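Colleague: The residues making up each chain are set out below.
2 protein chains.
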Amino acid sequence: MYKNTLRKAAHTWKRIIKLRLSEQEASMLRFYVDELAFTDLHWGMFIPAIKGQGMEQRQQKWLPLAYKMQLIRCYAQTELGHGSNVQGLETTATFDPKSDEFIMNSPTLTSSKWWPGGLGKASTHGVVYARRLVDGKDHGVNGFIVQLQSFDDHSPLPGITVADIGMKFGNGAYNTMDNGVLRFDHVRIPRDQMLMRVSQVTREGKYVQSDVPRQLFYGTMVYVRQTIVANASCASSRAVCIATRYSAVRRQFGSQDDGPETQVIDYKTQQNKLFPLVVTAYAYRFVGEWLKWLYTDVTQRLQANDFSTLPEAHACTAGLKSLTTSTTADAIEECRKLCSGHGYLCSSGLPELFVVYVPACTYEGDNVVLLLQVARFLMKTVSQLGSGKQLVGTTACMGRVEHLLQCCSDVQQAEDWLKPTAILEAFEARAARMSVAYARNISKMPSQEEGFAELFSDVVETAVAHCQLIVVSKFIEKLKQGIPGKGVKEQLQILCNIYALFLLHKHQGEFLATGAITLKQASLASDQLRVLYAQACPNAIALVDAFNYTDHYLGSVLGRYDGNVYPNLYPKAWEEPLNDTVVPDGYHEYIRPMLKQQLRTVRL
Amino acid sequence: MYKNTLRKAAHTWKRIIKLRLSEQEASMLRFYVDELAFTDLHWGMFIPAIKGQGMEQRQQKWLPLAYKMQLIRCYAQTELGHGSNVQGLETTATFDPKSDEFIMNSPTLTSSKWWPGGLGKASTHGVVYARRLVDGKDHGVNGFIVQLQSFDDHSPLPGITVADIGMKFGNGAYNTMDNGVLRFDHVRIPRDQMLMRVSQVTREGKYVQSDVPRQLFYGTMVYVRQTIVANASCASSRAVCIATRYSAVRRQFGSQDDGPETQVIDYKTQQNKLFPLVVTAYAYRFVGEWLKWLYTDVTQRLQANDFSTLPEAHACTAGLKSLTTSTTADAIEECRKLCSGHGYLCSSGLPELFVVYVPACTYEGDNVVLLLQVARFLMKTVSQLGSGKQLVGTTACMGRVEHLLQCCSDVQQAEDWLKPTAILEAFEARAARMSVAYARNISKMPSQEEGFAELFSDVVETAVAHCQLIVVSKFIEKLKQGIPGKGVKEQLQILCNIYALFLLHKHQGEFLATGAITLKQASLASDQLRVLYAQACPNAIALVDAFNYTDHYLGSVLGRYDGNVYPNLYPKAWEEPLNDTVVPDGYHEYIRPMLKQQLRTVRL
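Just so you know, the sequences run in chain order C and Y.
In terms of the working numbering, the first sequence has 210 at position 210, counting the first letter as 1, and numbering is strictly consecutive.
Going from the second sequence to the working numbering is simple: count from 1 and add 1000.
Rather than coming from a laboratory, the hints here were simulated on the basis of the structure.
Any given hint could be a false lead.
[Said to hold, decoys possible] Just the calculated beta-carbon pair ranges, DEER-fashion: (1) Q1390(Y) / E589(C): 56 to 62 Å; (2) S1099(Y) / G254(C): 50 to 56 Å; (3) L1019(Y) / G254(C): 47 to 53 Å; (4) R1400(Y) / Q481(C): 54 to 60 Å; (5) Q1024(Y) / Q597(C): 18 to 24 Å; (6) K572(C) / S1150(Y): 23 to 29 Å.
[What the hints assert, rightly or not] Calculated lysine-lysine pairs in the DSS-like style (CA-CA distance at most 25 Å, straight line): (7) K1596(Y) / K3(C); (8) K1068(Y) / K51(C); (9) K8(C) / K1596(Y); (10) K273(C) / K1051(Y); (11) K520(C) / K1444(Y); (12) K1273(Y) / K1520(Y); (13) K419(C) / K489(C); (14) K1506(Y) / K596(C); (15) K98(C) / K137(C); (16) K1596(Y) / K18(C); (17) K419(C) / K480(C); (18) K1061(Y) / K596(C); (19) K1014(Y) / K1068(Y); (20) K268(C) / K1444(Y); (21) K1018(Y) / K1008(Y); (22) K268(C) / K1380(Y); (23) K1003(Y) / K1018(Y); (24) K14(C) / K1520(Y); (25) K1051(Y) / K1068(Y); (26) K596(C) / K1273(Y); (27) K1572(Y) / K1008(Y); (28) K61(C) / K206(C).
Just so we're clear, the structure is a prediction, and the values are computed from it rather than from any experiment.
Don't be surprised by glycine CBs; every beta carbon is placed ideally from N, CA and C.
Based on the provided sequences and hints, a complete structural model is requested.
Modeller: Below is the structure:
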């Protein structure tokens, strides 16, 4: 499997050269190869790290080599004992002023680098994160460019131990990637291989902070997380495309009069579970587009030294990364279950889609840790209310906090829930009231940290409420724009309403507890939701066809565009290597003796 | 992999013979082998089917052969196009009175048998479910014993096509099982190989119903589902054991003063997610024990021709099967995420535990379909209220429905939530009010079926509320008994309260919407829950150690009893075959040319 991945990566690279693809086109090509490979990290993490953290003269050395793939790189941050807490990393880089070198070392077992993709076998170099020890003082963690494997024969350089960390979840998924382990035994590297954009160590062994604003690095984080949100929409739309199409093919029960059974998609049971996932894929698509805009906006502001929107943008992308990846992982598994037994076959495409996706909940910030960041930001926002500090971005609605704490929804009949203003106000009121209540509860605690720890459950729910408000409001905003195509806008309007009312029903406890809506209004929302499902149903297939995936890319027999599922599922079985022979290997050794055994007495 | 499974099965069988194990002991041995094999179906499905549905004289022929494993059987019910709806099966068994034979045939592609475990390669025989066509009339679906493979060389008999259906989810899991596909091209079998306990076809081609009450077969269903609930507790307790132990080993963040980082288990964030899963494993253990009692009770009654408790027992086991398997599948995946990145390694044991478990949500009754059955039963119960019909089993509390519709919880401070009566009343009130409300809403619909379809969301929530009430009340009942061991009962009391209050918080929308509790009481429950988590924390490890799993059975480096995780995770990596060579296969072919390529210009 691994060799085959190397083959694909090499072939992809050949095409990139031959076709003279741009960086973005090359990235698209790799995206459609749709198999994890060491090149993902080389392009997606290593090059951005050099660009972001390297001094310009060093970039001139390393970037051309990387762009020509004359070296292969990984991003070696995570350690066996240290993940989320980067400041807790144990690998050391001790400066030796005599030789003008850093000495890379792995002082403990837990300091072994562990997980970096491409590290195990393919990489020649790594950006290795290590604690800088200069003149006996610890200057915290920084990146270093370290050569790992020889250019002669690809063997590890002296003092370096490197290997693959072994089998991972699933039968494909990350098993095509050589996630690796790396240990240093006093390995020397030139001083200038430290990435020095943020701080430098001089020839004399002096530690100097640069005047580059640290905020600049948050810009990169916004970028990476925006990509993750876009991928969430991509993964969930693939899953719902498969589940929706197969729901129209599969028939079970129904029809008393010996006609064909009922299409599964016509059951409300199926619609109730499937449609919220379809609309969520749409919602994440739009919030992903908006995040792309946000990144551009933040970047322009940073270039003009305007950091005012950065904390809000940072919190908001952290929260959306957490929300979208968690729900997408669950959605894929739910889609698999909605295909009933056949979803368990690899040929359904869903098992691997799930397994390859779930790490998104952990990497680039654990989803729980990220929600805590959002909550901290919300608490700060609440504490500054009335201080005259301007509220920006997604917290702007908190400027109307007095109103939001008191307002009563004017929904009186089910159709009133179709009004964007009614939806928005309910979501804003719920989020604002939860934020204010939780800030108040924390203020009663002996310390803010204790409050955070003690009230964790509230903290997380508040952060989620805020993030859901963002997604709902961006969906609504999208629909204020002109949308080409006859009737498209009307359909999207239905999806937007389903998304909002589905969330409202799912979290009705919070909407009720905060008084954002009344019992009667909650019940009306459920009524309206049923009407909306019925409206969405005739177009369900068109809605997933609109994602425009080819059968080849979708890789699912159940999700075929032509619906010709069973005639293709059946021959697929014969591709199983176990079917190469009629009688299985092991029959003569294990089965036959059992069958032919003449047992007089069995106690059974 | 498959051959290795055959090897294990043959070895297990040798031990069973050698040690003269009883049927139950043999079943325990297979349980601890802990790898799916064709023998599971032979013993778990085929033999019970013969026992339950075969005539006694036929049992005397087949059972000894099966018990001595002189034939290997599978249970061939599910078809490519037909799962949950057994009455929709398409395989035909046409009686030919001339030869006194049935002709087995697969008239369509979708009638191909698909999924039966052990069918693909190992089985010599199958119990095949097919429509009986007698004298041109369709008498519905029944089981037939059909020989599939030759005793000479294990090749398929004439007219029979049999094969494995191919790769399934995960890298182990059900891939050790030869789930198979089977097609018949007019295969003749003797008439007496039809299982005739329920109805017979005579030599003359007459169809005759037997006088065996059909209810008897529900007894088997209660048995099978009780086993599934017990397995849910087993699977979830394995997962929480791994996650809890590793949470005590893993450290992240914390400690300002350069001491070691904080144990993850000390974070409320972790406790909030982990502890509900631990207590759920306990709760399912107890409800599983109770179901075992229920099965005995039902069996005794059936023998005395007392069918009065059967509908309730049937609904209740259906609901508990659905509830426990759904939550357990989610719990295993949640435990994996709670182990952060390392949970994604196969050596954590969690990926395969998940993959091997999830089919439980689909087999033996799809979980959604089962909840609909519960809901139907509840609606019937509500419709009979006041009719004088006696309410039995878990619906007995509906006898106090007048009270439950009006009562107000008397909880006034957080500690009041520790009273079993307060908990029970809240859960009873919520379940009863939801049942009554939903019966009322359905009665407003044009027809009951339409109401069912239209109000699906309510239907499912009502069924879940009823099932949760059962689990909570059985936990409380358990604690009324004497429990040996100093302080054990007190600890279990804490777990019981956590279970109930966790559910109450999670579903607070329903408790509030039904008026079963007030806003203030919901908030007090959350307060009390936090106190309970703090009380449970010091004993968390002891609570999972109490499941008494050996390291060997647990199969998880992260979940080791001695907590010596990292020193064992590290060497485990070296078992990866990719590490057999330092330079990977494919380097010279694919990596080296890329590195050595002299590119003049790259557009990138």
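Colleague: Against this structure, judge whether each hint is valid.
Modeller: Cross-check of the supplied hints:
{"no.": "1", "hint": "Q1390(Y) / E589(C): 56 to 62 Å", "result": "holds (60 Å)"}
{"no.": "2", "hint": "S1099(Y) / G254(C): 50 to 56 Å", "result": "violated (37 Å)"}
{"no.": "3", "hint": "L1019(Y) / G254(C): 47 to 53 Å", "result": "holds (51 Å)"}
{"no.": "4", "hint": "R1400(Y) / Q481(C): 54 to 60 Å", "result": "holds (57 Å)"}
{"no.": "5", "hint": "Q1024(Y) / Q597(C): 18 to 24 Å", "result": "holds (22 Å)"}
{"no.": "6", "hint": "K572(C) / S1150(Y): 23 to 29 Å", "result": "holds (27 Å)"}
{"no.": "7", "hint": "K1596(Y) / K3(C)", "result": "holds (19 Å)"}
{"no.": "8", "hint": "K1068(Y) / K51(C)", "result": "violated (70 Å)"}
{"no.": "9", "hint": "K8(C) / K1596(Y)", "result": "holds (18 Å)"}
{"no.": "10", "hint": "K273(C) / K1051(Y)", "result": "violated (39 Å)"}
{"no.": "11", "hint": "K520(C) / K1444(Y)", "result": "holds (18 Å)"}
{"no.": "12", "hint": "K1273(Y) / K1520(Y)", "result": "holds (24 Å)"}
{"no.": "13", "hint": "K419(C) / K489(C)", "result": "holds (15 Å)"}
{"no.": "14", "hint": "K1506(Y) / K596(C)", "result": "violated (57 Å)"}
{"no.": "15", "hint": "K98(C) / K137(C)", "result": "holds (17 Å)"}
{"no.": "16", "hint": "K1596(Y) / K18(C)", "result": "holds (17 Å)"}
{"no.": "17", "hint": "K419(C) / K480(C)", "result": "holds (13 Å)"}
{"no.": "18", "hint": "K1061(Y) / K596(C)", "result": "holds (17 Å)"}
{"no.": "19", "hint": "K1014(Y) / K1068(Y)", "result": "holds (11 Å)"}
{"no.": "20", "hint": "K268(C) / K1444(Y)", "result": "holds (18 Å)"}
{"no.": "21", "hint": "K1018(Y) / K1008(Y)", "result": "holds (15 Å)"}
{"no.": "22", "hint": "K268(C) / K1380(Y)", "result": "holds (21 Å)"}
{"no.": "23", "hint": "K1003(Y) / K1018(Y)", "result": "holds (23 Å)"}
{"no.": "24", "hint": "K14(C) / K1520(Y)", "result": "violated (66 Å)"}
{"no.": "25", "hint": "K1051(Y) / K1068(Y)", "result": "holds (15 Å)"}
{"no.": "26", "hint": "K596(C) / K1273(Y)", "result": "violated (53 Å)"}
{"no.": "27", "hint": "K1572(Y) / K1008(Y)", "result": "holds (23 Å)"}
{"no.": "28", "hint": "K61(C) / K206(C)", "result": "holds (24 Å)"}
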